[in-house]
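Just so you know, the protein sequences line up as chains A and B, in that order.
First residue of the first sequence: 1, per my numbering; consecutive thereafter.
First residue of the second sequence: 1001, per my numbering; consecutive thereafter.
Think of the hints as simulated: they come from the structure by calculation, not from any bench.
Please read these numbers as outputs of a predicted model, since none were measured by experiment.
You may find that some hints are simply not true.
Claimed, not checked - Taking CB as the label site, the calculated pair distances span: (1) B/1247 / A/107: 53 to 61 Å; (2) B/1247 / A/89: 50 to 58 Å; (3) B/1064 / A/84: 41 to 49 Å; (4) B/1172 / A/49: 27 to 35 Å; (5) B/1224 / A/105: 40 to 48 Å; (6) B/1250 / A/89: 47 to 55 Å; (7) A/95 / B/1186: 33 to 41 Å; (8) B/1113 / A/89: 53 to 61 Å; (9) B/1250 / A/75: 53 to 61 Å; (10) B/1064 / A/74: 24 to 32 Å; (11) B/1101 / A/89: 48 to 56 Å.
We treat Cβ as the ideally placed atom computed from N, Cα and C, and that holds for glycine.
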Amino acid sequence: MAKESTKKFICIICPQCCELETDGTEVKGAKCKRGKEFALQEVVLPLRVITTTIRGEAKEARRMIPVKTACPLPLEDIPQIMRYIKGVRISEIPALGSRINVGGYSKPIELIVTGE
Amino acid sequence: MAAAVGAAEGGLKKILILERLPRLGGILNQCIHLGFGLTYFKEEMTGTEYAARYKKMVYERDIEARTSCFVHTITPQKEITFVCADGEYTVSAKHIVMATGCRERTREMLTVPGTRPAGIFTAGLAQEMVNIYGVMPGKEVVVIGSGDIGLIMARRMTLEGATVHAVLEILDHLSGLIRNKVQCLDDFGIPLYLQHEPLEIIGRDRVEAIRYRNNQTGEHKILPCDTVLFSVGLIPEQDLLIDAGIEPGNGIHLVGNADYIHDYVDAVTREAEKLGRLLA
Ligand SMILES: Cc1cc2nc3c(=O)[nH]c(=O)nc-3n(C[C@H](O)[C@H](O)[C@H](O)COP(=O)(O)OP(=O)(O)OC[C@H]3O[C@@H](n4cnc5c(N)ncnc54)[C@H](O)[C@@H]3O)c2cc1C
Ligand code: SF4
Chain A
1 MAKESTKKFI CIICPQCCEL ETDGTEVKGA KCKRGKEFAL QEVVLPLRVI
51 TTTIRGEAKE ARRMIPVKTA CPLPLEDIPQ IMRYIKGVRI SEIPALGSRI
101 NVGGYSKPIE LIVTGE
Chain B
1001 MAAAVGAAEG GLKKILILER LPRLGGILNQ CIHLGFGLTY FKEEMTGTEY
1051 AARYKKMVYE RDIEARTSCF VHTITPQKEI TFVCADGEYT VSAKHIVMAT
1101 GCRERTREML TVPGTRPAGI FTAGLAQEMV NIYGVMPGKE VVVIGSGDIG
1151 LIMARRMTLE GATVHAVLEI LDHLSGLIRN KVQCLDDFGI PLYLQHEPLE
1201 IIGRDRVEAI RYRNNQTGEH KILPCDTVLF SVGLIPEQDL LIDAGIEPGN
1251 GIHLVGNADY IHDYVDAVTR EAEKLGRLLA
């Protein structure tokens, strides 16, 4: 495949920060399989896990409850997704690892509680 | 926590953890981002998940942990005096492990000339405000310093609806990991200006702008903003020793960021567990 059609990325999966190059089918520079998958996905549609907080309303709980999205979501939609996540309020103290569903976006967003 | 777990594994019986905050875990509790545990737990987790996972290991063992207890004095005879809600206590120990973490450097905040308006924070303080208390330090932000904490906070502020106008770095290269530049700055179109030096913070009551110089061209620029976050390095927190005029040794040990600054908590955990086992 012609050189012009290849794309370069820094792999963000682990701190090795490999420099990847891909033409959409083959990946150069990846030290592991996860990097390869990252590059192939990145040319099609960049995805990211969002880590943020939601507001807890239980008195004894920590005010801001840390969460991450259960799966990576389209980078370009993050501002929109953040608006839905910011609207969430929870009145009980969620257990570590429990899941919270957020509506509004084109598909349901699942959040995992990452702190206690 | 890791020193206590190491010591308990080694068979030590009487172990006491004293923590000034209401919960164990230290700085990890405000690190809601991913990037922890890859080498220790062999999976990528958030700082808060790492803290929770490790806390379980403490509670499963015969370790007494007291939170909201502030240690204000230690002596060469290894007496520790601390205050908590129900009063002041002094205990003596065979070994003291100081795992008091680090402080953020603020000297640069003070040496940048200009007025002293509201709106100037260290990045770590901003992180605590946003992630623990849910309070935004400001809306129009400039970050000084391209270390990982600065990069992570540039993204965090953006996600929470602020505009991060730039990250200024005096060096000719990024200080943090490239991976963090990619996922914290590039993903959100935040520019990184290398070899740029803050010269003056402008504003009467609140920050109104920052003046900086491009050190390559000598050009000065004024960038309007209401918040400046400084992320310019960490210093080990050793005041308890310095105040008492004590050097580490003779049963007094430093570990983690209190000893020297670590990039990864996994390394802190390993070193502290090892120290704990040695003490048992
Ligand atoms: C913004 C940021 C991002 C980071 N990102 C990553 C990352 O992606 N991956 C990674 O692996 N690592 C990361 N780290 C580094 C890692 O989190 C730290 O190196 C590690 O957690 C430090 O642990 P510590 O126990 O030495 O210090 P700390 O966590 O600072 O703990 C010190 C504790 O001592 C308590 N204390 C201090 N003085 C007293 C006193 N007098 N009496 C009682 N208690 C006291 C404090 O309250 C605190 O709880 C990051 C750090 C920061 C700040
Ligand atoms: S390719 Fe593999 S080793 Fe390299 S940065 Fe990506 S995940 Fe890490």
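Legend entry - Violated constraints from the hint list, given by number and in increasing order: 5, 8, 10, 11
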